[in-house]
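Here's the letter readout for the chains.
Protein chains: 2
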Amino acid sequence: MAPSLPQTYTTLTLRARPKGSIVPGETFATNTTNTTPSPSTLSANQILYQALYLSLDPAMRGWLNDTRSYIKPVQIGEVMRGASVGVVLASKSSKLQTGDLVLTQSAGWAEYAVLDESACESVPDTGEGKRRSAIDALSVLGLTGLTAYFGILRVGEVKKGDFVVVSGAAGATGSVVGQIAKIKGATVVGIAGTDEKCRWLTEELGFDKALNYKAKDFAKQFREVTKPKLIDVYFDNVGGEILDLALSRAAPHARFVMCGGISQYNEAVQKGPKNYLMVVSMRIRMQGFIVFDYLKEYGAAREELAGWVKEGKLKRGETIVPGGLKEAEKALVGLYEGHNTGKLLVEVSELEDKAKL
Amino acid sequence: MAPSLPQTYTTLTLRARPKGSIVPGETFATNTTNTTPSPSTLSANQILYQALYLSLDPAMRGWLNDTRSYIKPVQIGEVMRGASVGVVLASKSSKLQTGDLVLTQSAGWAEYAVLDESACESVPDTGEGKRRSAIDALSVLGLTGLTAYFGILRVGEVKKGDFVVVSGAAGATGSVVGQIAKIKGATVVGIAGTDEKCRWLTEELGFDKALNYKAKDFAKQFREVTKPKLIDVYFDNVGGEILDLALSRAAPHARFVMCGGISQYNEAVQKGPKNYLMVVSMRIRMQGFIVFDYLKEYGAAREELAGWVKEGKLKRGETIVPGGLKEAEKALVGLYEGHNTGKLLVEVSELEDKAKL
Ligand SMILES: NC(=O)c1ccc[n+]([C@@H]2O[C@H](COP(=O)([O-])OP(=O)(O)OC[C@H]3O[C@@H](n4cnc5c(N)ncnc54)[C@H](OP(=O)(O)O)[C@@H]3O)[C@@H](O)[C@H]2O)c1
Ligand SMILES: NC(=O)c1ccc[n+]([C@@H]2O[C@H](COP(=O)([O-])OP(=O)(O)OC[C@H]3O[C@@H](n4cnc5c(N)ncnc54)[C@H](OP(=O)(O)O)[C@@H]3O)[C@@H](O)[C@H]2O)c1
Chain A
1 MAPSLPQTYT
11 TLTLRARPKG
21 SIVPGETFAT
31 NTTNTTPSPS
41 TLSANQILYQ
51 ALYLSLDPAM
61 RGWLNDTRSY
71 IKPVQIGEVM
81 RGASVGVVLA
91 SKSSKLQTGD
101 LVLTQSAGWA
111 EYAVLDESAC
121 ESVPDTGEGK
131 RRSAIDALSV
141 LGLTGLTAYF
151 GILRVGEVKK
161 GDFVVVSGAA
171 GATGSVVGQI
181 AKIKGATVVG
191 IAGTDEKCRW
201 LTEELGFDKA
211 LNYKAKDFAK
221 QFREVTKPKL
231 IDVYFDNVGG
241 EILDLALSRA
251 APHARFVMCG
261 GISQYNEAVQ
271 KGPKNYLMVV
281 SMRIRMQGFI
291 VFDYLKEYGA
301 AREELAGWVK
311 EGKLKRGETI
321 VPGGLKEAEK
331 ALVGLYEGHN
341 TGKLLVEVSE
351 LEDKAKL
Chain B
1 MAPSLPQTYT
11 TLTLRARPKG
21 SIVPGETFAT
31 NTTNTTPSPS
41 TLSANQILYQ
51 ALYLSLDPAM
61 RGWLNDTRSY
71 IKPVQIGEVM
81 RGASVGVVLA
91 SKSSKLQTGD
101 LVLTQSAGWA
111 EYAVLDESAC
121 ESVPDTGEGK
131 RRSAIDALSV
141 LGLTGLTAYF
151 GILRVGEVKK
161 GDFVVVSGAA
171 GATGSVVGQI
181 AKIKGATVVG
191 IAGTDEKCRW
201 LTEELGFDKA
211 LNYKAKDFAK
221 QFREVTKPKL
231 IDVYFDNVGG
241 EILDLALSRA
251 APHARFVMCG
261 GISQYNEAVQ
271 KGPKNYLMVV
281 SMRIRMQGFI
291 VFDYLKEYGA
301 AREELAGWVK
311 EGKLKRGETI
321 VPGGLKEAEK
331 ALVGLYEGHN
341 TGKLLVEVSE
351 LEDKAKL
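Protein chains in written order, with UniProt numbering: chain A, 1 to 357; chain B, 1 to 357.
For the record, the hints were derived by calculation from the structure and aren't laboratory data. Among the hints, erroneous ones may be present.
Where chains are identical, the list cannot tell them apart; a pair therefore holds if satisfied intra-copy or between any two copies.
Here are the simulated lysine to aspartate or glutamate pairs, DMTMM-like style, with alpha carbons at most 25 Å apart [what the hints assert, rightly or not]:
no., residue 1, residue 2
1, 271, 244
2, 313, 203
3, 229, 66
4, 271, 217
Excised from the complex, chain A in its bound form (with noise of 0.2 Å):
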């Protein structure tokens, strides 16, 4: 059965690299097209997405920028990059039906696209509906989901009896990263920007503490939250004034896994930790990672997530942005002042629609 396809559809590209913050109207272009991606058309192994979900990363401002790291940057004109949930409206492929989930790299800020079957996973159902299954794949099961994974159980180390301090700790990672070392026996200090998040964190979460880096006395409390015990696990997420203060209450061989630094991403000039010669004297090994790295590993750590989701050790947390792909660029930008609580997403079209093909 044909779906009856839209005349038109949207898509962001990239139209100016941004100095310092992205600029809304400026930094991405927002195209209409005339003809919507046609079942028709599918050569073989292809088929007709639609994308539901769109995955905003704070990666993104990274790669907009014409510097050398872990994935080349996104070209002046190209379709913004993003992982996203849809859902298959035609096939051409062996491997997959109409209606099905699949979750792509490849389809970027577009609300249709016509996909090799190679460049799609399909969806694991956990158990809840179609709809937690799409939001699943982007946020706990997703890419920030494997990077707590990793980050933590890897490149920390986590052990039962560690205190552990994690920073961005009510985004998408720090919250599943808390979580994981809770699971792991260890006592678990989260910083976040609200007082709302801290306590999310601790009330729902089970966080031990939280403290809110916004507060005036901040530094204060770090200090003493780090008294009883120095931090044997730093997770960084944020970079700045938190990394330097992790730094200055860093156990002796202490692990300080680097998976971001969000507070410098906008920078023009970023800062780096003034304290970092305490990596030295307290013989700190600071490991940067990068989730892709893990590629081959994604599927045994997904089936113990969705595990400790399934036996509630492990709670999820999104924060969905209404109105379809317009929405993205102001909806990214949100994102570097804190406007969600656990994984940000984009609806982009509604999955009810696509449930009658």
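With the hints as your guide, set chain B with the ligands onto chain A.
Same frame as chain A, now just chain B with the ligands:
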């Protein structure tokens, strides 16, 4: 046979914690003590010690700060801490004989001291006379030689084919680091502060290349030298701009051996590496260490180092400041100004006289 001892002797004590650089005549006080410790007042297991060579170390600046570090600060009024090699003038120890050379961390900046035998290590005979053995014990077989050894082998895990860059390369630690890396089959570039030091590194020590970081186009030279191959192992003795450059030219999964940051030791507010987020994108393992952690393995390491020296694979370099203990303060300042090539020592007293004892 009782030695004839002078009536007075000199010690240097900490007078005032410096804010920035050490100020000769202000930071330390020179004290003349009227009675030299005497052989007759020794208790059981004690020796009377006369210092011959005093080691000067960049870390000394850090010991003058009242901050948390790997070792407790030197207190105001306390004799300045430091390693030295000296001779046993009299002994009530069954392990040490008059005339023996000993290495100690306990005499500090003092011409004479009464030491417990447990505070003394014996000085290995390197087969080229007593004077050479005394110097070796503070240099290639001393803490800087050991630091180089454990740093590049254990923390850096250097292996054949690695591209290694060493900062502070013409210093005591750096010069040994580069040579060990060569022994292990790496390609080695050293960074040092004069053209003469650079020539010493390539022509005498066998470094593949050496760059003078004071050259106007140093950053350009650095980028060029790291163009054919990005950095696998960076051994950092200095921090600052050179560390930032190294970060910008790190290969994926590079190891950064964090040994010290002499460019920052005299700064009231230290500067962190602004390119530190390369740790994330290049998955760098940036790891600090303190040589003391390998205490139990010093013996085996010294044997291997001494073996390389004998085989001619490991060349030694020292700058020995004459003039006695009173020169220590000025000489220490010179260390931060690059006056030394290889290990910086102060000759406190000449060995010849002692040989008569
Ligand atoms: N290494 C990898 O493979 C990998 C993979 C995925 C993500 N990451 C990194 O992990 C980090 C978290 O990513 P995520 O996707 O989970 O995003 P997220 O944490 O869900 O969202 C970003 C959060 O960062 C906080 N934030 C923003 N600006 C800040 C500032 N100046 N100082 C402190 N906190 C600030 C905000 O919360 P507040 O209200 O608390 O400010 C915001 O909610 C990022 O650094 C990202 O680049 C790394
Ligand atoms: N982690 C440990 O256990 C351990 C143990 C021993 C030593 N260390 C560290 O290892 C490093 C080297 O110590 P060392 O005893 O072997 O001393 P060294 O290298 O023999 O002497 C210091 C050298 O540093 C260079 N330098 C001074 N200021 C500089 C600056 N602003 N920028 C760049 N280079 C500068 C000078 O040479 P130029 O002419 O090249 O400027 C000077 O000769 C130090 O950072 C020290 O703290 C660590």
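For each hint, the structure was consulted:
With identical chains, the CA atoms of residue 271 and residue 244 are at most 25 Å apart both within one copy (11 Å) and between copies (11 Å). For the homomeric pair residue 313 and residue 203, the shortest alpha-carbon distance inside one copy (14 Å) is at most 25 Å, but the shortest distance between copies (63 Å) is not. In this homomeric assembly, residue 229 and residue 66 come within 25 Å of each other (Cα to Cα) only across copies, at 21 Å, whereas the closest approach inside a single copy is 42 Å. In this homomeric assembly, residue 271 and residue 217 come within 25 Å of each other (Cα to Cα) both inside a single copy, at 22 Å, and across copies, at 24 Å.
Violation of the numbered hints given earlier is absent; every hint is satisfied by the structure.
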